[in-house]
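Chemist: Same order as they appear, the protein sequences are chains A and B. Under our numbering, the first residue of the first sequence carries the number 1, and numbering increases by one thereafter. Under our numbering, the first residue of the second sequence carries the number 1, and numbering increases by one thereafter.
Calculated from the structure, these hints are not laboratory results. Be aware that one or more of the hints could be misleading.
[Claimed, not checked] Chain A side only, calculated, beta carbon under 7 Å to chain B, not exhaustive: (1) G112; (2) P116; (3) P147; (4) L148; (5) M152; (6) R157; (7) Q181; (8) R278; (9) E323; (10) G355; (11) Y393; (12) S404; (13) N434; (14) I437; (15) T438.
Since this is a predicted model, take the numbers as computed values, not measurements. Even for Gly, the Cβ is constructed at its ideal location relative to N, Cα and C.
Each chain is listed here by its residues.
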Amino acid sequence: MTTPSTKELLQTMQDAAENLSQNDRREFLRKGVSYVAGAAAVGTAGTAAANFSSNLPPNEPIWGRQLGRGVVANPYGVPSRFEEHVHRRTVPWLTAESISSISMSPLADLKGIITPNGLVFERYHAGVPEINPDEHRLMIHGLVDNPLIFTMEDLMRFPSVSEIRFIECPANGGMEWRGPQMEALQFTHGMLSCCEWTGVPLKVLLDEAGVQTEGKWILAEGGDGAHMSRSIPIEKVLDDTLVVYAQNGEMLRPEQGYPLRLINPGWEGNTSIKWLRRIEVGDKPWHHREETSKYTDLLADGRARRFTFVQEANSVITNPCPENPIKKPGFIEIEGLAWTGRGKIKGVDISFDGGINWQPAQLKGLVLDKALTRFSFQTKWTGQPWLLQSRAYDETGYVQPTLSQLRESRGVNSIYHKNSIHTWQVQPTGEVKNVQIT
Amino acid sequence: MFKLPNVFAATLLGAALVAGTAQADGHKYGFGAPASAEEIAGWDIDIRPDGLGLPVGSGNAMDGEAEYEALCAACHGVFGEGEGRWPVLAGGEGTLTDERPIKTVGSYWPYTSTLFDYIRRSMPFPAPMSLTDQQVYNITAYVLYLNEIIEEDFELSNENLATIRLPNEENFFVDDRPDAKNPRCMADCLNPDEMMLAASLSGVTPIGHFVEGADAPAGSHEAQHELEAQKEAERKAEITGEEVQADHGDAAPAALSEAAQAGESVYNGACAVCHGSGLAGAPKVGDSAAWVDRIAQGNDVMIQNALQGFAGSTGVMPPKGGRMDLSDEAVTNAVHFMAETSR
Numbered sequence: 001m002t003t004p005s006t007k008e009l010l011q012t013m014q015d016a017a018e019n020l021s022q023n024d025r026r027e028f029l030r031k032g033v034s035y036v037a038g039a040a041a042v043g044t045a046g047t048a049a050a051n052f053s054s055n056l057p058p059n060e061p062i063w064g065r066q067l068g069r070g071v072v073a074n075p076y077g078v079p080s081r082f083e084e085h086v087h088r089r090t091v092p093w094l095t096a097e098s099i100s101s102i103s104m105s106p107l108a109d110l111k112g113i114i115t116p117n118g119l120v121f122e123r124y125h126a127g128v129p130e131i132n133p134d135e136h137r138l139m140i141h142g143l144v145d146n147p148l149i150f151t152m153e154d155l156m157r158f159p160s161v162s163e164i165r166f167i168e169c170p171a172n173g174g175m176e177w178r179g180p181q182m183e184a185l186q187f188t189h190g191m192l193s194c195c196e197w198t199g200v201p202l203k204v205l206l207d208e209a210g211v212q213t214e215g216k217w218i219l220a221e222g223g224d225g226a227h228m229s230r231s232i233p234i235e236k237v238l239d240d241t242l243v244v245y246a247q248n249g250e251m252l253r254p255e256q257g258y259p260l261r262l263i264n265p266g267w268e269g270n271t272s273i274k275w276l277r278r279i280e281v282g283d284k285p286w287h288h289r290e291e292t293s294k295y296t297d298l299l300a301d302g303r304a305r306r307f308t309f310v311q312e313a314n315s316v317i318t319n320p321c322p323e324n325p326i327k328k329p330g331f332i333e334i335e336g337l338a339w340t341g342r343g344k345i346k347g348v349d350i351s352f353d354g355g356i357n358w359q360p361a362q363l364k365g366l367v368l369d370k371a372l373t374r375f376s377f378q379t380k381w382t383g384q385p386w387l388l389q390s391r392a393y394d395e396t397g398y399v400q401p402t403l404s405q406l407r408e409s410r411g412v413n414s415i416y417h418k419n420s421i422h423t424w425q426v427q428p429t430g431e432v433k434n435v436q437i438t
Numbered sequence: 001m002f003k004l005p006n007v008f009a010a011t012l013l014g015a016a017l018v019a020g021t022a023q024a025d026g027h028k029y030g031f032g033a034p035a036s037a038e039e040i041a042g043w044d045i046d047i048r049p050d051g052l053g054l055p056v057g058s059g060n061a062m063d064g065e066a067e068y069e070a071l072c073a074a075c076h077g078v079f080g081e082g083e084g085r086w087p088v089l090a091g092g093e094g095t096l097t098d099e100r101p102i103k104t105v106g107s108y109w110p111y112t113s114t115l116f117d118y119i120r121r122s123m124p125f126p127a128p129m130s131l132t133d134q135q136v137y138n139i140t141a142y143v144l145y146l147n148e149i150i151e152e153d154f155e156l157s158n159e160n161l162a163t164i165r166l167p168n169e170e171n172f173f174v175d176d177r178p179d180a181k182n183p184r185c186m187a188d189c190l191n192p193d194e195m196m197l198a199a200s201l202s203g204v205t206p207i208g209h210f211v212e213g214a215d216a217p218a219g220s221h222e223a224q225h226e227l228e229a230q231k232e233a234e235r236k237a238e239i240t241g242e243e244v245q246a247d248h249g250d251a252a253p254a255a256l257s258e259a260a261q262a263g264e265s266v267y268n269g270a271c272a273v274c275h276g277s278g279l280a281g282a283p284k285v286g287d288s289a290a291w292v293d294r295i296a297q298g299n300d301v302m303i304q305n306a307l308q309g310f311a312g313s314t315g316v317m318p319p320k321g322g323r324m325d326l327s328d329e330a331v332t333n334a335v336h337f338m339a340e341t342s343r
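Using the sequences plus the hints, can you model the full thing?
Modeler: Here's what the structure looks like:
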């Protein structure tokens with residue numbers, strides 16, 4: 001959220017208040033005033049007042065009357081201090097401590113489809129290891145003709161590929177099977193990011209080792225303290241699994257697996273093993289902890305799905321949302337993100353009445369395989385309450401289900417893969433609340 | 001004029017020949033070194049349900065009890081019931097269709113091998129890969145015993161582990177999604193009279209950053225732990241009538257010795273995992289009540305325990321906290337830092 005000037009805010013409130021009942025107006029003004037106080041606290045309190053008095057037209061602002069810092073004052077650049085509130089956040093009570101835990105990306109503040117490296121959601125099971133790339137090795141063995149060990153230098157000699165792919169934790173939204181309880185987009189959908197990943201197709205590396213005909217599965221293993229391990233069928237590996245060392249133009253961040261990780265495009269994030277150190281080829285899956293005790297989907301009848309790899313089509317509206325309330329009646333671009341693990345997003349529909357009636361939205365910008373895709377719907381808001389929903393469908397014809405449909409099929413104890421249509425309640429004040437419609 | 005294109009053509013031809021060689025060799029680049037049997041053996045730690053990968057050896061629950069209590073119970077509870085938010089390991093049979101299923105080794109896990117594999121690769125949490133195969137067999141046997149899968153004196157071995165079946169094995173099936181089908185209806189899709197709207201619970205998500213005055217819970221685990229400790233102190237104070245003790249962090253920090261200053265970064269990188277949260281019974285830095293007796297033993301004892309490891313009724317610490325990469329000096333400095341900031 002950018003910091004609006006006081007004048008702008010007062011104008012906004014006055015405009016909006018005209019559409020409100022007397023009671024609503026009192027409430028909105030109270031909130032508006034506290035928002036101003038909050039805005040001042042974001043910058044330094046002293047300069048906020050100074051800005052108002054001297055930095056607006058017709059005055060020449062302070063930054064136009066003095067010099068700024070020179071080159072390499074920040075050898076590795078960081079965002080403006082006015083954007084300091086845009087960062088990953090966690091919900092501490094979800095996990096016992098921070099070493100084996102998760103944080104969410106600030107989706108409400110992100111633009112386009114690429115997640116900046118410092119804002120990609122985090123998920124660790126034994127914290128972030130500090131790996132010296134010179135001492136990192138990738139071992140490939142098992143049902144192969146030539147077991148091999150690669151250095152990072154070896155891996156970076158292979159012809160590289162760069163692909164834009166989303167990565168999503170299958171527990172994204174998993175806190176809301178029973179009811180809504182996350183009061184912000186960052187917490188309802190933030191276990192989701194999208195980067196340009198650079199590396200080598202795993203198939204190329206397996207060809208070097210020579211997979212034997214009985215080789216039907218691989219085990220991918222991390223080198224961190226968790227030694228996270230997942231079984232992946234060979235068909236996926238031959239299709240599009242990547243071994244990557246870079247994201248968004250620079251080497252992987254330590255949080256994202258530096259110096260090497262797997263990317264299984266469109267599949268649950270847990271399979272994209274970070275700090276990758278070993279690939280074993282076998283004839284059967286291993287049924288390790290992360291594919292039995294965890295990352296299996298318990299159904300109402302007590303049975304459980306396993307190897308639920310694909311992230312099915314999903315979408316969410318990012319403007320408006322709890323963090324981005326509607327500040328002013330009039331034109332609004334309803335915007336959001338859609339994604340599917342089965343290929344490309346074909347379209348997104350928008351509902352303003354909680355799913356009774358739908359209208360098609362426009363896809364905008366790049367529409368890529370297994371990547372976040374932006375959608376947009378331009379309309380006017382005149383202060384009326386909305387029950388805003390988005391519904392994505394993909395090129396396979398799969399349509400994002402309603403919460404009722406998912407619950408009917410799976411019950412409420414699945415934890416993972418909750419991709420149901422999400423509802424934001426836009427109140428007459430412009431505030432946005434997380435609600436569920438069944 | 002005439003020579004240059006010739007040279008150029010020769011270069012191209014050479015490149016084509018090289019590329020042709022690579023093609024003929026089945027796209028092989030020849031990068032990477034052969035992995036020796038010894039190198040593979042060191043890293044090949046995975047176990048499969050059919051027992052493939054199990055090291056030769058055995059163990060039993062009677063021998064595992066003491067090891068479990070020393071190494072595992074701090075988080076998983078003496079009976080596998082779980083402490084705080086740490087995983088529950090035992091019990092929960094018949095709860096999978098309940099409103100709140102309890103998913104444990106006995107009630108949910110499909111294979112015994114997973115238990116051995118996971119303990120070996122990831123546990124104990126603060127010091128993964130520190131257990132001997134014997135310890136892994138013993139602790140695996142003990143957890144199976146807690147779940148009433150095997151008897152206390154059953155000798156679990158590489159010969160019989162794959163034959164120990166868990167009760168829930170048959171209840172898993174391979175992904176058959178898409179399951180929920182939603183036709184792409186555009187108009188009058190729901191009956192407004194039957195629609196139910198549920199509002200969010202408030203106060204369970206940290207939203208203080210955009211809702212002024214929101215009664216938001218803590219935004220970090222550290223703050224959450226402090227909040228819970230504070231609530232617990234207040235609860236106890238209500239029962240005992242004693243006043244809640246002032247937070248130790250409020251006191252002005254005393255000047256740190258040179259060793260302690262050097263130890264701060266070591267502490268942050270290696271020790272804070274346990275000593276920041278109290279994991280595995282570790283005394284929390286800044287908690288003077290937890291440190292007073294330890295400090296009274298003298299620096300030499302504390303340093304000796306940190307370097308050599310410590311297992312007692314109060315907690316467990318592997319040598320150097322499992323960070324064998326740290327020098328003795330670095331660990332010693334970290335001890336000074338922790339002791340001096342916990343007086």
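Chemist: I'd like to know which numbered hints this structure contradicts. Please list them from smallest to largest.
Modeler: 1, 2, 5, 12
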